[in-house]
Every structure is written in structure tokens, then in C-alpha cells.
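Novice: Sequence:
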Amino acid sequence: MGLFVVTMEQHKKKQDNKMREIQIEKLVLNISVGKSGDELTKASKVLQDLADQKPVLSRAKYTIRSFSIKRNETIAVHATVRGEKAMELLKRGLKVKDLELRSSCFTQNGNFGFGLDEHIDMGIKFDPATGTYGLDFYVVLTRPGLRVKKRKRGRSHIGSRHKVTKEDAMKWFKERLSGTII
Numbered sequence: 039m040g041l042f043v044v045t046m047e048q049h050k051k052k053q054d055n056k057m058r059e060i061q062i063e064k065l066v067l068n069i070s071v072g073k074s075g076d077e078l079t080k081a082s083k084v085l086q087d088l089a090d091q092k093p094v095l096s097r098a099k100y101t102i103r104s105f106s107i108k109r110n111e112t113i114a115v116h117a118t119v120r121g122e123k124a125m126e127l128l129k130r131g132l133k134v135k136d137l138e139l140r141s142s143c144f145t146q147n148g149n150f151g152f153g154l155d156e157h158i159d160m161g162i163k164f165d166p167a168t169g170t171y172g173l174d175f176y177v178v179l180t181r182p183g184l185r186v187k188k189r190k191r192g193r194s195h196i197g198s199r200h201k202v203t204k205e206d207a208m209k210w211f212k213e214r215l216s217g218t219i220i
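Numbering (the numbering used here), first residue to last: 39 to 220.
Think of the hints as simulated: they come from the structure by calculation, not from any bench.
There may be inaccurate statements among the hints.
Unchecked claim - Pair ranges (Cβ atoms, derived):
#1 Lys83 x Gly197: 25 to 31 Å
#2 Arg191 x Lys129: 35 to 41 Å
#3 Thr45 x Arg189: 32 to 38 Å
#4 Pro166 x Arg130: 36 to 42 Å
The beta carbon of each residue, even a glycine, is placed where N, CA and C say it ideally should be.
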């Protein structure tokens with residue numbers, strides 16, 4: 039067994055590999071109202087205006103008496119955004135947060151999320167009939183080739199070096215979005 043030495047040229051070649059580039063798979067926007075009815079309809083309208091697509095209703099998993107929530111009651115709305123629209127919405131959301139996130143916002147899988155107290159901070163005009171809602175952002179980051187793991191035919195494993203780690207996600211956030219981590 040010999041010692042394997044990586045030259046600078048080989049290291050640079052590895053960094054330039056387009057299959058190693060991190061990209062946004064999806065951005066999930068969530069507004070949790072906590073009760074069904076008119077409030078949920080208004081929140082759905084806000085999310086539809088923001089994402090330019092029809093949001094999906096989310097149901098409660100458990101009954102929580104102290105919050106007056108019953109099992110399978112619709113209590114939230116969410117929308118999944120992909121592509122350029124996801125990047126644009128993420129930049130608008132981070133601008134409200136002054137491009138600052140805590141390191142605890144990042145998961146070990148290389149995903150990250152944050153919340154806004156009021157949706158009107160994103161540039162949507164305030165409507166007294168609608169009110170204001172809090173908004174959660176959750177970003178899923180991947181590298182090209184993830185389809186190998188998820189496809190029906192010819193499914194295979196993704197190597198541990200190809201998976202996005204917390205450190206990779208933080209580096210991507212700093213470089214790509216010019217963000218700072220507190």
C-alpha cells in the first residue's frame with residue numbers, strides 16, 4: 039500500500055466538476071394558522087400571491103386539546119417552489135433577514151430554514167381585510183445526480199462524499215447568496 043498524494047492540479051479539477059455544484063432542489067413556503075376556516079382561506083390567498091401558484095392545505099397529525107386542534111383538521115397551507123422562482127423568493131426572504139442566519143438554521147443534511155414574522159416585509163401590500171401572517175421558508179439543497187437514488191428503475195445509492203453536508207450548505211450560503219452566519 040502506497041501513500042496517495044493529491045496535487046493542486048487534481049484538487050482544482052475536482053472543484054471544477056459540474057456534478058459537485060450545489061443547487062436548490064426546492065423551496066417550501068409554509069403559513070401555519072393553527073385553525074381552519076376564514077383565517078386559513080386568507081393565508082392561502084397570501085401564499086398564492088407570493089408564490090404565483092395554488093398552495094396545498096396541510097392537516098394536523100395529532101389532537102392537541104390545549105391548542106383546540108383536532109386530528110386531520112386543516113391548520114396550515116404550504117407551497118413548493120422550484121427553479122429560478124425559488125431563488126428569487128429566497129433572496130427576497132433573506133433580504134428581510136439582512137442576509138443573516140444562525141448556524142442552528144442549517145441541518146446535518148445540508149438543508150436550511152428560517153421564518154419571517156410578517157409576510158408584508160416581502161413587499162406585498164398590506165390589506166386590512168387579510169391581516170398579517172408569519173411565513174416559514176425551508177430550502178432543500180442537492181447536487182446533480184440525486185435522481186439515481188429516487189428513480190424507479192436502476193436505483194442505486196449516493197456516496198457519502200456526494201451528499202450535501204451542513205458545512206457545504208453554509209459555504210454555499212456564504213458564497214452564492216453573500217450571506218453571513220451568526
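Novice: Taking the Cβ atom of Lys83 and the Cβ atom of Gly197, is their distance within the range 25 to 31 Å?
Specialist: violated, 44 Å
Novice: So does Thr45 sit 32 to 38 Å from Arg189, Cβ to Cβ?
Specialist: holds, 36 Å
Novice: Check the following: the C-beta atoms of Arg191 and Lys129 are separated by a distance inside 35 to 41 Å.
Specialist: holds, 37 Å
Novice: Return holds or violated for the Cβ distance of Pro166 and Arg130 against the range 36 to 42 Å.
Specialist: violated, 23 Å
In the structure shown, a violation is registered for the earlier hints numbered 1, 4, in ascending order.
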